[in-house]
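Chemist: For reference, the chains in residue letters:
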Amino acid sequence: MTDSAIHIEDLSVGFGAKTVIDKLSLDVRRHEILGLIGASGGGKSVLLRAVLGLIPKRAGRIEILGLARETDSAQERREIGRRCGAMFQQGALFSSLTVLENLEFPMREYLGGSERLRREVAIAKLEMIGLAADDAAKFPAELSGGMVKRVALARALALDPDVLLLDEPTSGLDPIAAGEFDSLIRALRETLGLTVFLVTHDLDTLNGVCDRVAALYGGKILAVGPLAQVRDVDHPWVRAYFRGARGRAAKL
Amino acid sequence: MTAPKIARVTADGGLRLEASGSWIADHCDALQALIDEAGGAAAAALDVAGVERLDTFGAWALARVRGEPRAALTGVRATQAGLFAAIERLPPSLAPPPFRRARVADALAALGRALVDTGADLVDFAAMFGRLAITFARALRHPEAFRLRSIVHHLDRTGVQAVPIMAMMTFLVGAIIAQQGFFHFRRFGAQDYVVDLVAVLILREIGVLLVTIMAAGRSGSAYTAELGSMKMREEIDALSTMGFDPAEFLILPRVLALVIAVPALTFIGSIAALAGGGVVAWVYAGMSPPIYVARLSEAVSLAHFEVGMIKAPFMALVVGIVAACEGLRVEGSTDSLGRRTTSSVVKSIFLAIVLDGMFAIFFAAIGM
Numbered sequence: 001m002t003d004s005a006i007h008i009e010d011l012s013v014g015f016g017a018k019t020v021i022d023k024l025s026l027d028v029r030r031h032e033i034l035g036l037i038g039a040s041g042g043g044k045s046v047l048l049r050a051v052l053g054l055i056p057k058r059a060g061r062i063e064i065l066g067l068a069r070e071t072d073s074a075q076e077r078r079e080i081g082r083r084c085g086a087m088f089q090q091g092a093l094f095s096s097l098t099v100l101e102n103l104e105f106p107m108r109e110y111l112g113g114s115e116r117l118r119r120e121v122a123i124a125k126l127e128m129i130g131l132a133a134d135d136a137a138k139f140p141a142e143l144s145g146g147m148v149k150r151v152a153l154a155r156a157l158a159l160d161p162d163v164l165l166l167d168e169p170t171s172g173l174d175p176i177a178a179g180e181f182d183s184l185i186r187a188l189r190e191t192l193g194l195t196v197f198l199v200t201h202d203l204d205t206l207n208g209v210c211d212r213v214a215a216l217y218g219g220k221i222l223a224v225g226p227l228a229q230v231r232d233v234d235h236p237w238v239r240a241y242f243r244g245a246r247g248r249a250a251k252l
Numbered sequence: 253m254t255a256p257k258i259a260r261v262t263a264d265g266g267l268r269l270e271a272s273g274s275w276i277a278d279h280c281d282a283l284q285a286l287i288d289e290a291g292g293a294a295a296a297a298l299d300v301a302g303v304e305r306l307d308t309f310g311a312w313a314l315a316r317v318r319g320e321p322r323a324a325l326t327g328v329r330a331t332q333a334g335l336f337a338a339i340e341r342l343p344p345s346l347a348p349p350p351f352r353r354a355r356v357a358d359a360l361a362a363l364g365r366a367l368v369d370t371g372a373d374l375v376d377f378a379a380m381f382g383r384l385a386i387t388f389a390r391a392l393r394h395p396e397a398f399r400l401r402s403i404v405h406h407l408d409r410t411g412v413q414a415v416p417i418m419a420m421m422t423f424l425v426g427a428i429i430a431q432q433g434f435f436h437f438r439r440f441g442a443q444d445y446v447v448d449l450v451a452v453l454i455l456r457e458i459g460v461l462l463v464t465i466m467a468a469g470r471s472g473s474a475y476t477a478e479l480g481s482m483k484m485r486e487e488i489d490a491l492s493t494m495g496f497d498p499a500e501f502l503i504l505p506r507v508l509a510l511v512i513a514v515p516a517l518t519f520i521g522s523i524a525a526l527a528g529g530g531v532v533a534w535v536y537a538g539m540s541p542p543i544y545v546a547r548l549s550e551a552v553s554l555a556h557f558e559v560g561m562i563k564a565p566f567m568a569l570v571v572g573i574v575a576a577c578e579g580l581r582v583e584g585s586t587d588s589l590g591r592r593t594t595s596s597v598v599k600s601i602f603l604a605i606v607l608d609g610m611f612a613i614f615f616a617a618i619g620m
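Each protein sequence line maps, in turn, to chains E and U. Our numbering puts the first sequence at residues 1 to 252. Our numbering puts the second sequence at residues 253 to 620.
If we strip away everything but chain U, and leave its shape as in the complex, we get:
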């Protein structure tokens, strides 16, 4: 493979260029150099009889060498004529569509759009809630619309399979709260109240919040990714075309499974956390298990337990609705699938915490 070359010959008509060698992609650097060198040469003709090999890169480079308007082409080999003809049909300069520069106004516009989007999000979530409520009401009248098999399948994935990790995580958090309580309360002789701290905190807040956050990360993200890839592959469209409601077949079973699983996991998690606190009380503070249990029964009223458990299904509903909405918003690209899954987890955790705050105000107002 010989390198591409250009020779300048001054003949009777004026300057003539003679190209030779291999004008192919492998000599990409050399080709650009030749274009730059010949730039504005204003040759009358370009002779390509010496070009041994030619591909699209070379043909384009030769078109550039010819300048604008293009110099006449001579000595075209028969085998290369087709490619020269193909290049000849192209416009003389090929510029990509200009990319827009980022400006300060763009940043402001993005901020504004984010705000508007937040409003649209809330409307969307409310619409999804309504859609699920209608589907649910219809299913109450026609129980076969509950898709029991699907609910059980999702209950297994989001509930049963989550038990070990949920129990382990809440156990550790319960232990940590107890340890911190003993460590700091000991300084002013208040270690007797550590059990109250552990019990109230876990039953009212920590148990349900931890389980919700884990469910959002574990199940909400999976829901969004599943629904999103179904949307991408037009599976959801296929379902609608057959006259079926995706909300009934895909969304309601998932959300119902979550609404059943999260309270159950909250219960298991709270017990595990109390057990974790008990182990620390015994090992770290020397409080024997019977005393710990006796303190617990003094500290805990049914109201504390109820507060945590009442919140759980609502938390599940938030996670489920956000996951379903984000899943249905996925567009054609893998990029959007990733973005939607991320925002499903972030939004559902954020909204769950906001909801938790609203519940705190509500329960305080009714004295629970």
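Same shape as in the complex, but just chain E:
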């Protein structure tokens, strides 16, 4: 057992002649919430997708909970899928299933067991995430943008994973909902020993939730550490990011 939940070593990812991620190394420790920041189009989502195994890497190594991402063993891949919950930026809810079925689907496939318990836990998760039980029978097309986000988070949590990967979780949520989401993430981390790796631009999330922040620039990790420490790194992009009007307004 290593100390890190996600271990990335000398990772390179690119498309054609372009290298997006360049020999990047990063460790996400167990039970911590790590926020990844970076310029738009700077490779944050690419890094996240590489960790999720959706983009092939050119070189390097990715381990999740001590299991190699590119394992050939179908059983280990399933294990990673079971232990790792992901929430996509657009929600990626299955549009032919109702909200409740979206949550029950991974539970049914991985856990089997009692349908009643699954259904109740699915509804419990919806309630915890701030949706009414009445919404459970709706289809994703009938939900508002903010509700889609919440359902997507509930689905990422459906299996009570150890590692949670979130792509811009609070974008599109109103400040109240975003705040609730932040405290929910913290509460879940406390009780489930969750490790959270999230890509965000929400300075309040960075400030209120993240234990450490990693700044991605030019395909490499510029700095990683507590927010106060990263904020003071002397680099033009970091300065521009935190010293901009919005950074100041967030009262860091």
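By construction, these hints were calculated from the structure, which means they are not laboratory data. Keep in mind it's a predicted model, so treat the numbers as computed, not measured. All clues given are correct.
Heads up, simulated SDA-like pairs for lysine to any residue below, C-alpha to C-alpha not over 20 Å straight-line:
| id | chain 1 | residue 1 | chain 2 | residue 2 |
| --- | --- | --- | --- | --- |
| 1 | E | K138 | U | A354 |
| 2 | E | K138 | U | T586 |
| 3 | U | K257 | U | D278 |
| 4 | E | K23 | E | S4 |
Far from chain E, some chain U residues (derived; all Cβ distances over 12 Å):
| id | residue |
| --- | --- |
| 5 | T254 |
| 6 | V375 |
| 7 | H394 |
| 8 | V452 |
| 9 | E478 |
| 10 | G538 |
| 11 | L554 |
Each residue gets a CB set at the ideal place from its N, CA and C atoms; glycine is no exception.
Following the hints, position chain U against chain E.
Modeler: Leaving out everything else, chain U in the frame of chain E:
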């Protein structure tokens, strides 16, 4: 990972339950068994000091074990307090909204709705026809509104690229009709009239129908899917917001391309079908090509050719209008995209055949 367990202890206050082990999702089956077992135990308290691991499944299972009203909770570990508190806030029983049972009345209602929808369809198609007519009339006054680049692009896709498959298909059908004609007409010595059969059938009906059906399957479905996914991604809304008319930019070029392509393909297809008939006449019935061509020129009058060609642009219009209407009806889900594409093809082929029947009556009445 130890399995979840419940021990029953009878203490001074009454029954006390003591939970221990890992109350997590992996023991989903065991958790349900424990809930069933503890059902209605009416315990005074539940002690959770022995619970090593806990997740939402376990916390919910424990809430169920506590019964209703919930038994007091003791021995909560600090790390688990947050999750217990989160569960505590939930209502005691979580039932999904009931699903409606299907009844006979529902089937009748569906039938009625389908009928009403058919009426609405016709109104919709007429509205789309009117909308296109207005856009077309406006474009006649301002020719730059014709979006020539877009028309050419769609003409290439629906017309030029369709030539090989259309020619091959109609060639085969022409050959099959000729073969069947020779085979059956030979029995009563009427093989001389096979060429008449082939020529009249292909030029008047088969050529244009086959091409229309193929165009509906090949291009109409593509139009519906394209417009539908644009609708889903709000591209059409974006276009309208900029003050542009989607009918001018998206629909008219597609429909015009189809109205040009289908007659051209009908012509090519009819020739290919006649060639197919000729090959069979030569190989199967020993009728040399010069004789076949001479028979053709006797059998075919310009009227037969005209009947087929006049119908073609109207068929194209039906396919185009239905495809555009169905595309704009797509809603948010991928499910509806699939359904709309299917109904675009089915409705356009059906309406094309109905239109063909009406044309047959019309041409008979005017003696063509």
